[in-house]
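**Student:** Chain by chain, the residues run as shown.
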Amino acid sequence: MFDELRDKIMLCFIDNGYWEWLVEGFLHTVLITVFAVLLGLVFGVILAAVRSSYDKNEETLKLRGGIGYYLLKFFNAVCKIYITVIRGVPVVVQLMIWYFVILVSSKSDIAVAVIAFGFNSAAYVAEIFRGGIMSIDNGQFEAGRSLGFNYVQTMAYVVIPQTVKAVLPTLLNEIIALLKETSIAGYVGIMDLTKAGDLIRGRTFEAFIPLIAVAIIYLITVVVLTRVFTAVERRLRRNER
Amino acid sequence: MKGNENAINTANNSLISINGLKKYYNGEKVKALDGVNMEIKKGEVVVIIGPSGSGKSTFLRSLNLLEIPTEGKIIFDGVDITDPKTNINLHRRKMGMVFQHFNLFANMNILKNMTIAPMKLLNKSKEEAEKNALNLLNRVGLEDRASAFPSQLSGGQKQRVAIVRALCMEPEVMLFDEPTSALDPEMVGEVLDVMKALAAEGMTMAVVTHEMGFAKEVATRVVFMDAGKILEQGTPDEIFTNPQNPRLKDFLSKVLT
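In order, the protein sequences belong to chains A and B.
Using numbering that gives the first Met the number 0, the letters of the first sequence correspond one by one to residues 0 to 240.
Using numbering that gives the first Met the number 0, the letters of the second sequence correspond one by one to residues 0 to 256.
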C-alpha cells in the first residue's frame with residue numbers, strides 16, 4: 000500500500016518534474032498576494048481616511064461652513080459607492096471584468112490579478128480601518144484637539160497608533176482571505192498554486208495527491224502568517240504596558 | 000436681576016466673554032444652550048452647577064469649541080473664536096481642558112502624554128518639556144509614575160496627570176468638565192486638592208461639578224444653570240445660603256442633604 004502511494008507521489012511530482020509547477024504556482028500566488036495586500040492597504044487607508052474624516056468632522060464642518068464640507072461630502076459619497084460596488088460583486092467576476100474588459104490589452108496577467116485583488120481588498124481594508132478608527136474612544140480625539148493639535152496631528156499622534164493595534168487581528172483575517180481568494184486566478188489563465196495542482200491532476204489522472212499537496216501548502220502558509228502576526232501583536236502590546 | 004448686573008460690571012478686563020450662546024440639536028427641538036451670557040475675568044474660579052441635562056457640560060465644551068455653538072459669540076483674549084476664520088487650534092493651546100473620563104493618551108506613557116503637545120506645538124526641546132513635566136508631576140506627587148502607562152494608574156492618579164498635562168501648555172484658563180464624577184469616592188479628595196492649589200495660585204478656572212463643597216470653598220462665583228439657561232449666579236455665600244430662584248432652591252434641597 001505504501002509502495003502504491005509512493006509511486007503515485009513520484010508520478011505526480013517527481014517523474015515528469017511537475018513539482019516545478021507547484022513551485023512556480025506558489026510563487027505566483029505569493030507574488031499576487033503580497034502586491035495585492037500592499038495595493039489594498041494603500042488604497043484602503045486612503046478610502047478609510049476620507050470616510051472617517053467625514054464621519055468625525057461632519058458636524059463641525061457643517062456648522063463652520065465653507066467649501067471643505069461639500070468637497071468632503073462628495074468624496075465620501077464616491078468612496079461609499081466604491082465600497083458598495085466592490086463588496087457587492089463576487090471577486091471572480093471582478094477579476095474577469097479587469098482581465099477581459101478593462102485591461103484586455105495588458106501584457107502581464109499577474110499585474111491584472113494584482114490590480115483586481117488589490118482594489119477588491121481595498122474596500123474591505125477601508126471598512127476595517129474606518130471601524131477601527133471609530134472604535135477608539137472619542138475622548139482620546141477630544142483630548143488631542145483640546146491641547147491644540149489639529150485634526151491631522153491628533154489622528155497621527157493619538158488615534159492612528161491605537162487604531163493600528165486594534166485592527167491588526169482583523170487585518171490578518173483579510174490577508175488570509177485574500178491569499179485564498181487568489182486561488183481563482185486560474186480563471187484568467189494564471190498558473191497559481193491551485194491551477195498548478197489542477198494541471199497535475201489533469202495530466203496524471205490522480206486527484207487526491209496533488210490537491211492534498213496544494214491544500215497543505217496553503218495551510219502552512221496561513222499558519223506561518225498567523226505566527227508572524229501574533230508576534231507583531233505581542234510586541235506592540237508589550238510597548239504599551 | 001442679580002446675574003445681569005454682574006455681567007455688566009465685569010464686562011471689561013474679562014478673559015472670556017460669552018454672548019447669547021445657543022446650541023440646538025435636531026433643528027430646534029433640543030435646546031441644550033438657550034442664550035447664555037457670561038463674563039469670566041482673569042483669576043476667577045467660576046463653578047457651574049445644575050441638574051443633569053441642564054446644559055452645563057455643553058456650555059463648558061463650547062468654550063473651546065469641542066461643541067460648535069449654533070449661535071452666539073465667544074470672545075477669548077479679545078478674539079472671537081466662534082468666527083469660522085479664527086484658527087481655533089491656536090486658541091485651544093491657551094485653554095486647558097480636563098475631562099470626566101481623563102482621556103490620557105493610551106498609547107503613550109505619562110511623560111510622553113505631558114510632553115508631546117509642548118514639543119510639537121510650542122517647539123519646546125525634549126529636555127525643557129520633560130523638565131517642566133517632571134516638575135509638575137512632582138507637584139501632584141506622581142513623579143515616580145512618569146514612565147507608567149495610563150492603564151497602570153488609578154482614576155485619581157489619571158485625573159491628576161490629566162490636570163498637569165493641560166498645565167504643560169501653560170494655559171490662561173482651565174476648563175474642568177465634571178473632573179471627579181468618574182472617580183471612586185476615596186479618590187475625589189486628591190483631585191480636588193490639586194484643583195484647590197491651582198485656584199490658590201490664581202489660575203482662571205471654569206468648573207462644572209457636583210462637588211458642592213468645592214464650590215463653597217473655592218469658587219469666586221457660582222453659576223446655576225437649568226434647561227440651557229443661567230438662572231442665577233453669585234458668590235458661594237449668596238447661592239448656598241440665600242438662593243432666590245425656586246429651581247435653584249429645589250436643586251440645592253436635593254443635593255445638600
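The hints are simulated quantities; they were obtained by calculation from the structure and are not laboratory data.
Any given hint might turn out to be false.
To be verified - In silico DSSO-like links for lysine-lysine, alpha-carbon gap of 30 angstroms or less: (1) A/61 x B/28; (2) A/55 x B/253; (3) B/30 x A/7; (4) A/72 x B/84; (5) B/111 x B/72; (6) A/61 x B/253; (7) B/125 x A/61; (8) B/28 x A/72; (9) A/72 x A/179; (10) A/55 x B/228; (11) A/179 x B/119; (12) A/55 x B/41; (13) A/164 x B/21; (14) A/61 x B/84; (15) A/61 x B/119; (16) B/215 x A/55; (17) B/72 x A/55; (18) B/28 x B/41; (19) B/28 x B/215; (20) B/28 x A/55; (21) B/228 x A/164; (22) A/61 x B/111; (23) B/21 x A/55; (24) A/55 x B/84.
**Student:** Is residue 55 of chain A close enough to residue 84 of chain B, meaning Cα to Cα at most 30 angstroms?
**Tutor:** OK: residue 55 of chain A and residue 84 of chain B at ~20 angstroms, within 30 angstroms.
**Student:** Quick one, are residue 164 of chain A and residue 21 of chain B close enough, alpha carbons at most 30 angstroms?
**Tutor:** violated (39 angstroms)
**Student:** Hey, residue 61 of chain A versus residue 28 of chain B, does the alpha-carbon distance stay inside 30 angstroms?
**Tutor:** holds (18 angstroms)
**Student:** Run the distance test for residue 61 of chain A versus residue 84 of chain B: straight-line Cα separation, threshold 30 angstroms.
**Tutor:** With a Cα-Cα distance of about 14 angstroms, the restraint between residue 61 of chain A and residue 84 of chain B holds, given a limit of 30 angstroms.
**Student:** Under the criterion that the straight-line Cα-Cα distance not exceed 30 angstroms, is the pair residue 72 of chain A, residue 84 of chain B satisfied?
**Tutor:** holds (21 angstroms)
**Student:** Would you mind confirming whether the straight-line C-alpha gap from residue 55 of chain A to residue 253 of chain B stays at or under 30 angstroms?
**Tutor:** violated (38 angstroms)
**Student:** Are the Cα positions of residue 179 of chain A and residue 119 of chain B separated by 30 angstroms at most?
**Tutor:** violated (44 angstroms)
**Student:** For the pair we were handed, residue 215 of chain B and residue 55 of chain A, check the Cα-Cα distance against 30 angstroms.
**Tutor:** Violated, at roughly 39 angstroms.
**Student:** With the threshold set at 30 angstroms, check whether the alpha-carbon distance from residue 228 of chain B to residue 164 of chain A stays at or below it.
**Tutor:** violated (43 angstroms)
**Student:** Between residue 55 of chain A and residue 41 of chain B, does the CA-CA distance stay at or below 30 angstroms?
**Tutor:** violated (33 angstroms)
**Student:** Would you mind confirming whether the straight-line C-alpha gap from residue 111 of chain B to residue 72 of chain B stays at or under 30 angstroms?
**Tutor:** Distance ~35 angstroms between residue 111 of chain B and residue 72 of chain B Cα, so the pair is violated.
**Student:** Hinted pair, alpha-carbon criterion (30 angstroms max): residue 61 of chain A, residue 253 of chain B. Please report holds or violated.
**Tutor:** Violated: residue 61 of chain A and residue 253 of chain B sit about 40 angstroms apart, past 30 angstroms.
Going down the numbered hints, you'll see the structure goes against 2, 3, 5, 6, 7, 9, 11, 12, 13, 16, 18, 19, 21 and 22, while the others check out.
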